Amino acid sequence: MSSHAIEIHGLGKQYRIKGNSTSSLLGKIARRNQEDSFWALKDLNYNLEQGKVLGVIGPNGAGKSTLLKLLSRITFPSAGKFTAHGRMSSLLEVGTGFHPELSGYDNIFLNGSILGMSKTEIKSALDEIIEFSGVENFIHMPVKHYSSGMKVRLAFSVAAHLTAEILLIDEVLAVGDASFQRKCIERMEDVSRHQGRTILFVSHNMRAVNDLCNEAIYIDGGQLVKSGTAEEITSFYNKSLEQRAISIDLADRKDREGTGSIQLQSMTFTDENGNPLSELRSGEPVTLEVKYAGSKAPTGLNVRLSIGRENDGFIGALSNSLAGNQFENLGTEGTLRCKLDKLPFMTGKYVVNARLTEHNIVTDDVKRAIVFEVKEGDYFGSGDLFSTERTGVYINQHWE
Amino acid sequence: MAQNNHTIHVDANAPATAGRLKTLLEYKELLLSLATRDYRVRFVQTRLGYVWAIVQPIVLMLILTFVFGKMLNVNTGGIEYPIFALSGQVLWSYFSFSAVQGGQSLVQSQHMIRKIWFPRVVLPLSKAAVGFMDLAIGLVVLGAAMAVYKALPSVSLIALPLAILFTWIAGTGVSLWTSALSIRYRDIQHALPYFIQFLFFLTPVAYPAGVLSKSLPESISWAAYLNPMSGIIDLARFSLFDAELVWNNVLISVGVAVILLVTGWHYFHKVERNMADTL
Numbered sequence: 001m002s003s004h005a006i007e008i009h010g011l012g013k014q015y016r017i018k019g020n021s022t023s024s025l026l027g028k029i030a031r032r033n034q035e036d037s038f039w040a041l042k043d044l045n046y047n048l049e050q051g052k053v054l055g056v057i058g059p060n061g062a063g064k065s066t067l068l069k070l071l072s073r074i075t076f077p078s079a080g081k082f083t084a085h086g087r088m089s090s091l092l093e094v095g096t097g098f099h100p101e102l103s104g105y106d107n108i109f110l111n112g113s114i115l116g117m118s119k120t121e122i123k124s125a126l127d128e129i130i131e132f133s134g135v136e137n138f139i140h141m142p143v144k145h146y147s148s149g150m151k152v153r154l155a156f157s158v159a160a161h162l163t164a165e166i167l168l169i170d171e172v173l174a175v176g177d178a179s180f181q182r183k184c185i186e187r188m189e190d191v192s193r194h195q196g197r198t199i200l201f202v203s204h205n206m207r208a209v210n211d212l213c214n215e216a217i218y219i220d221g222g223q224l225v226k227s228g229t230a231e232e233i234t235s236f237y238n239k240s241l242e243q244r245a246i247s248i249d250l251a252d253r254k255d256r257e258g259t260g261s262i263q264l265q266s267m268t269f270t271d272e273n274g275n276p277l278s279e280l281r282s283g284e285p286v287t288l289e290v291k292y293a294g295s296k297a298p299t300g301l302n303v304r305l306s307i308g309r310e311n312d313g314f315i316g317a318l319s320n321s322l323a324g325n326q327f328e329n330l331g332t333e334g335t336l337r338c339k340l341d342k343l344p345f346m347t348g349k350y351v352v353n354a355r356l357t358e359h360n361i362v363t364d365d366v367k368r369a370i371v372f373e374v375k376e377g378d379y380f381g382s383g384d385l386f387s388t389e390r391t392g393v394y395i396n397q398h399w400e
Numbered sequence: 001m002a003q004n005n006h007t008i009h010v011d012a013n014a015p016a017t018a019g020r021l022k023t024l025l026e027y028k029e030l031l032l033s034l035a036t037r038d039y040r041v042r043f044v045q046t047r048l049g050y051v052w053a054i055v056q057p058i059v060l061m062l063i064l065t066f067v068f069g070k071m072l073n074v075n076t077g078g079i080e081y082p083i084f085a086l087s088g089q090v091l092w093s094y095f096s097f098s099a100v101q102g103g104q105s106l107v108q109s110q111h112m113i114r115k116i117w118f119p120r121v122v123l124p125l126s127k128a129a130v131g132f133m134d135l136a137i138g139l140v141v142l143g144a145a146m147a148v149y150k151a152l153p154s155v156s157l158i159a160l161p162l163a164i165l166f167t168w169i170a171g172t173g174v175s176l177w178t179s180a181l182s183i184r185y186r187d188i189q190h191a192l193p194y195f196i197q198f199l200f201f202l203t204p205v206a207y208p209a210g211v212l213s214k215s216l217p218e219s220i221s222w223a224a225y226l227n228p229m230s231g232i233i234d235l236a237r238f239s240l241f242d243a244e245l246v247w248n249n250v251l252i253s254v255g256v257a258v259i260l261l262v263t264g265w266h267y268f269h270k271v272e273r274n275m276a277d278t279l
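So the sequences go chain by chain: A and B. So for the first sequence, our numbering puts the first residue at 1; every next one is plus one. So for the second sequence, our numbering puts the first residue at 1; every next one is plus one.
The reader is advised that the hints may include incorrect statements.
List of simulated lysine-lysine pairs, DSS-like, C-alpha gap at most 25 Å [unchecked claim]:
no., chain 1, residue 1, chain 2, residue 2
1, A, LYS123, B, LYS28
2, A, LYS226, A, LYS254
3, B, LYS22, A, LYS119
4, A, LYS81, B, LYS22
5, A, LYS81, B, LYS214
6, A, LYS375, A, LYS342
7, A, LYS119, B, LYS28
8, A, LYS144, A, LYS123
9, A, LYS144, A, LYS52
10, B, LYS70, B, LYS270
11, A, LYS42, A, LYS239
12, A, LYS367, A, LYS254
13, A, LYS254, A, LYS239
14, A, LYS349, A, LYS339
15, B, LYS270, A, LYS42
Which stretches of chain B does chain A cover? Using the computed rule of at least three CB atoms under 8 Å from a CB of chain A, they are [unchecked claim]:
no., region
16, 33-43
17, 217-224
18, 265-276
In case anyone wonders, no lab produced these hints; they're calculated from the structure. Remember, it's a predicted structure, so these values are computed and weren't measured experimentally. Don't be surprised by glycine CBs; every beta carbon is placed ideally from N, CA and C.
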């Protein structure tokens with residue numbers, strides 16, 4: 001028998017692009033001829049050995065989720081085939097099938113059976129599942145009274161005790177608080193190292209991929225771009241990120257005001273280590289690099305970035321004088337860094353108006369200097385995002 | 001762990017319906033879990049709780065008795081009206097519950113379909129299992145009512161399980177078709193409950209089947225039995241009360257039910273592959 005856990009040959013998925021909803025009879029007839037299609041995943045070949053942990057990385061919309069959906073059989077391929085040796089369970093979203101009226105205890109059985117566990121398997125893991133979730137005291141209470149964090153813990157805890165030989169995991173670790181996340185990662189490491197399971201792990205978290213995976217593939221535009229060891233691929237990915245970074249060149253902007261003696265050159269979002277980011281998430285450490293250049297070395301330079309919604313509406317400001325920080329020993333050109341421990345913006349799009357002043361004289365003023373989008377992230381680590389539809393800021397707080 | 005006991009093979013060019021029954025059997029526990037879930041949450045936060053399951057058939061029986069038995073004085077061929085109505089109504093409820101709930105089950109559980117793989121057919125089938133609990137309770141009520149009226153069944157009672165099986169076939173046949181179609185045409189979601197309600201009036205639940213066939217031209221009186229529940233309810237009344245029975249009519253009804261089930265099963269699995277994309 002083959003030592004491969006998963007063998008993929010020429011796997012592809014083609015989607016039709018729908019204009020409008022065609023799920024009514026009349027709409028269907030009217031739109032019969034207007035159909036277009038694209039390949040979300042095309043001609044993928046890969047063999048994954050048993051017991052290996054494969055990281056799947058790539059930008060959003062690259063086809064990673066399509067690959068998982070195909071392998072987990074949620075959707076059917078348009079081309080190619082694959083064979084998996086062993087039972088396969090997928091954690092595309094934890095807590096699927098949870099019923100709010102049922103107790104946590106009952107939901108363990110329900111969710112377990114939806115994920116493909118037998119009743120006896122669930123029973124034998126039951127104590128461990130309950131203990132791992134940390135919601136022992138509420139286990140006989142209907143799940144509708146749980147906080148979202150508790151629900152996630154319970155759901156992941158069921159999923160973490162799956163007995164399948166092959167696990168497909170997608171971004172599950174993006175939820176829950178930090179200590180629970182660590183627990184999950186440890187559990188996953190346990191699962192792969194000691195139990196010989198094969199895991200396919202889709203993630204944006206390069207560190208997690210590096211820590212957990214033996215090998216990795218990089219997918220972009222529906223195609224396999226590169227495969228290799230996890231380390232090779234994550235560093236390749238980081239490099240490719242730089243090309244997609246949220247960065248803007250301002251040197252050529254003509255629509256600016258001010259004396260022009262010192263001007264903004266560019267703005268770039270980076271992580272703590274100065275690596276450009278391709279994606280911003282609420283609650284993550286972010287540094288905004290502002291490059292300037294002038295005819296002479298500035299003194300008494302102040303930066304003010306007003307942040308607002310797309311259609312005006314002021315939300316907040318980033319400013320060194322606001323923070324009480326003065327720049328010293330600046331050169332004729334240089335980089336100013338605004339460090340945010342936790343990006344406070346809620347999910348949505350924001351516009352930045354930028355202004356430089358030297359001794360209160362405006363030297364440069366650029367409206368809509370940069371427009372950035374923030375993806376949902378768990379700012380407080382509480383599992384509660386409050387809203388993913390409204391722009392605004394998270395205010396640091398705690399309750400007693 | 002026996003690694004090669006489970007080999008999953010997916011091929012874009014493989015036929016759609018191969019090996020479906022075997023897969024379904026592997027997922028019987030899920031089917032039962034879903035059915036138990038539905039049953040348990042149904043009466044959550046109600047004062048009467050499971051008593052509702054008994055109250056519902058009794059109240060309906062009383063209404064039918066009042067309207068058809070007393071007001072319209074329907075001729076049941078010597079069978080006491082309440083048990084006559086209840087016998088038809090118990091099977092009809094099972095049929096309509098399986099058909100309507102099953103027909104809506106896929107759209108209702110679309111979040112699950114988009115997130116997890118399992119044989120989708122589990123969803124409509126689990127609804128039929130929920131309906132079966134009601135049927136069992138209804139049969140107990142019917143038994144009690146028959147005891148009250150001292151209408152003891154004869155040896156024909158052995159045909160009752162058949163009538164129940166055929167009801168399941170008819171209800172599941174309809175739910176497979178409608179649930180699969182509703183993925184593409186949501187209109188069915190809305191039309192189905194009405195359709196089943198209309199069908200109730202064309203089904204000999206509150207009146208004997210003879211009334212229905214006699215209102216049709218004689219040459220096509222058999223058409224009354226194209227409604228699968230007509231012949232099946234006739235069969236049930238034969239088994240319970242030794243009511244008159246024309247086997248040919250039962251055959252027509254059962255034939256329609258079986259055709260619905262077989263074609264529904266095939267159609268369902270034909271569209272199953274793309275359900276997650278279409279929903």
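Run the structure past the numbered hints and jot down the numbers of the failing ones, going up. Checked against the structure, the hints that fail are numbers 2, 5, 9, 10, 13, 17, while the rest are satisfied.
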